[in-house]
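Colleague: Respectively, the protein sequence lines represent chains A and B.
For the first sequence, the numbering used here begins at 563 and goes up steadily by one.
For the second sequence, the numbering used here begins at 2 and goes up steadily by one.
In case anyone wonders, no lab produced these hints; they're calculated from the structure.
If you're wondering where the values come from, they're calculated on a predicted model, not measured in any experiment.
Just so you know, even glycine gets a beta-carbon here, dropped at the ideal spot from N, CA and C.
Where hints are given, some of them may not hold.
To give an idea of the chain B side of the interface with chain A (calculated C-beta under 7 Å), a few residues [stated by the list, open to error]:
(1) Ala70
(2) Pro73
(3) Asn84
(4) Tyr88
(5) Tyr99
(6) Gly100
(7) Phe223
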Amino acid sequence: MSTTEATPGLALAEEAAPPERRAGADWVAHAVLILGVVLFALPLWIVLMGSTHDAATIGRGETPLLPGSEAAANYAAAWSRGTTGVPVGRMLWNSTVMAFCIAAGKIAISILSAYAVVFFRFPGRRLAFWAIFLTLMLPVEVRIFPTFKVVSDLGLVNTFPGLIIPIVASATATLLFRQFFLTIPDEFVEAAKMDGAGPLRFFRDVVLPLSRTNIAALFVILFVYGWNQYLWPLLVATSDEVETVVIGMVKMIGSESNTDWSLVMTTCVLALLPPVAVVLLMQRWFVKGLTETEK
Amino acid sequence: MATLELSGIRKSFGPVGVLHGVDLSVADGEMIVIVGASGCGKSTLLRIVAGLETPSTGRVRIAGRDVTALEPADRDIAMVFQNYALYPHMSVAQNMGYGLKIRGLPRAEIDRRVREAAELLALGPLLDRRPRQLSGGQRQRVAMGRAIVREPKLFLFDEPLSNLDAKLRVQMRAEIRRLQRRLGVTSLFVTHDQVEAMTLGDRLVVMHQGHAAQVATPMEIFERPADTYVAGFIGSPAMNFLAGTLVEGGHAVALQAGPVLRFADGPRPGPEEMPLTIGIRPEHLRPDPGGLPLALDLVEPLGSETVLHGRLPDGEALVVKLSGPGPREGVLPVSLPPAALHVFAAEGGKRLDPVA
Chain A
563 MSTTEATPGL ALAEEAAPPE RRAGADWVAH AVLILGVVLF ALPLWIVLMG
613 STHDAATIGR GETPLLPGSE AAANYAAAWS RGTTGVPVGR MLWNSTVMAF
663 CIAAGKIAIS ILSAYAVVFF RFPGRRLAFW AIFLTLMLPV EVRIFPTFKV
713 VSDLGLVNTF PGLIIPIVAS ATATLLFRQF FLTIPDEFVE AAKMDGAGPL
763 RFFRDVVLPL SRTNIAALFV ILFVYGWNQY LWPLLVATSD EVETVVIGMV
813 KMIGSESNTD WSLVMTTCVL ALLPPVAVVL LMQRWFVKGL TETEK
Chain B
2 MATLELSGIR KSFGPVGVLH GVDLSVADGE MIVIVGASGC GKSTLLRIVA
52 GLETPSTGRV RIAGRDVTAL EPADRDIAMV FQNYALYPHM SVAQNMGYGL
102 KIRGLPRAEI DRRVREAAEL LALGPLLDRR PRQLSGGQRQ RVAMGRAIVR
152 EPKLFLFDEP LSNLDAKLRV QMRAEIRRLQ RRLGVTSLFV THDQVEAMTL
202 GDRLVVMHQG HAAQVATPME IFERPADTYV AGFIGSPAMN FLAGTLVEGG
252 HAVALQAGPV LRFADGPRPG PEEMPLTIGI RPEHLRPDPG GLPLALDLVE
302 PLGSETVLHG RLPDGEALVV KLSGPGPREG VLPVSLPPAA LHVFAAEGGK
352 RLDPVA
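With the rest of the complex left out, here is chain A:
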């Protein structure tokens, strides 16, 4: 509140600054910003434009910066056929199922384990927490071969469960939920005890509603994480049935000569859409979850 009172003074200071200097600073600021926009947006723009030209244009080594006329044909072709015989529509579906299950599974498992670690006193509680915490430091790649062995022994290669289950545990999400749960006052727990709410009831009626925004934020992050999975699907999803769009794209880029670049770019654009949609849809909750706590 006191900061709003201070603004008149700030405004005065700004007016007092020499106008030339301000114009110069503005110009530099704009130049930096424009450079940033170009750096970030240009590749996207090239892909978007590339997806509207026929294969020959890009094959000649041109980099079109303006829309072409083949957009409809490219998107229809990619959606229904792809270039490797797997329709991109199918790949997108596979990716969506995988990303959704990974995000939902990670949240379900980590919120429950964080709940156990924070709200219950049991022998080995600290050990459990540290065991979870330590796995944060191990990247997926470290355990990828033993994991593959287990999945293949279970006969889960080329199935959705095989694709999803090994990735579903999340130390990061557990840690985040734990940190959030630690901010829930003990008095809530005690009030719930007085009210006669058991642990599951307390979880459902108090902890879950309070975690809503955190869940939304994590869902966005984990969905994108799941969508971008590369190494694990590359190993375990070799059949067309479960091919994800990320793997599909890599397969499309065969040798330099017979790659249909316009369709690759079309696939790129299609592969961008679902994560973008998730971010946009959940943006409001996402920002809330990262910035505020409802207390």
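Could you slot chain B onto chain A? The hints should help.
Modeller: Chain B in isolation, oriented as in the chain A frame:
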């Protein structure tokens, strides 16, 4: 409505003993205030009654039933927390009715009770609001409402007023007292504030280092404190303590500061020359030209009264409270009216009453 009985309650957290055997018997409809400095074990005692802690030894009986081993929810009690502990995602009505909902009461019954409590607490228009849209005093009332709708045998209050500003605290204090009288529910109220304790309680329990130093009515505690701790804790400014020895066969005290004062109410037991601690409340000291010279070092004018801090010739500190304005500096001669003296044994600090 019920009686509460605590017998031999002890509690230690690991090697640290917090409660060293507390006995207390609360009559039906009585309001007991547990007061003490922080760390004296008063909150632990309340939490043991609530069932949020289990005593190391001892029994808790509510309405004659031993509840020591029962869960909080099965004890038929309600608690008002210091930070109110209102669920932020529930409306006022949902907060108040949550316990009833879990108990599986029919909706209509929950509605009726919530509405009644809301009317009692003037919360009617706020039932659909969220806790964060309420002021401190309103939240406090919702927390009370949540306790009331349960229609419990026992109310427990854990410093419920300490988060309110001074003016609201006075107002809510009176409100709680009125409500408790009206509902007639047996209550335990924990506070560190002696004014709250004096005004709210039918009886006080003054806790000191895990013991109940004294259990008595507020006026009895003020007039006949059981030991020097209670004497110094209740009353503001705090009681003065002066060193002395028992003389004249127990009929008088020779103060270290000089004068020999004869007890107004009879002789004290004990050998000649026994060390004593003499207590006298600041408001009982009288300015008297023939009295002890008090060298003033701080004067606090409070308008209706003046608090004077000074030192006696032997170096002992003394606080005097005068009604109306007083001197600003210099030396004030004061006398100690024998009728206002409290006599304690110097060793152990226990009160010494006259031999009948």
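Colleague: Work down the list of hints and note, for each, if the structure agrees.
Modeller: Results of checking the hints against the structure:
| no. | hint | result |
| --- | --- | --- |
| 1 | Ala70 | violated, 15 Å |
| 2 | Pro73 | holds, 5 Å |
| 3 | Asn84 | holds, 5 Å |
| 4 | Tyr88 | holds, 6 Å |
| 5 | Tyr99 | holds, 5 Å |
| 6 | Gly100 | holds, 4 Å |
| 7 | Phe223 | violated, 33 Å |
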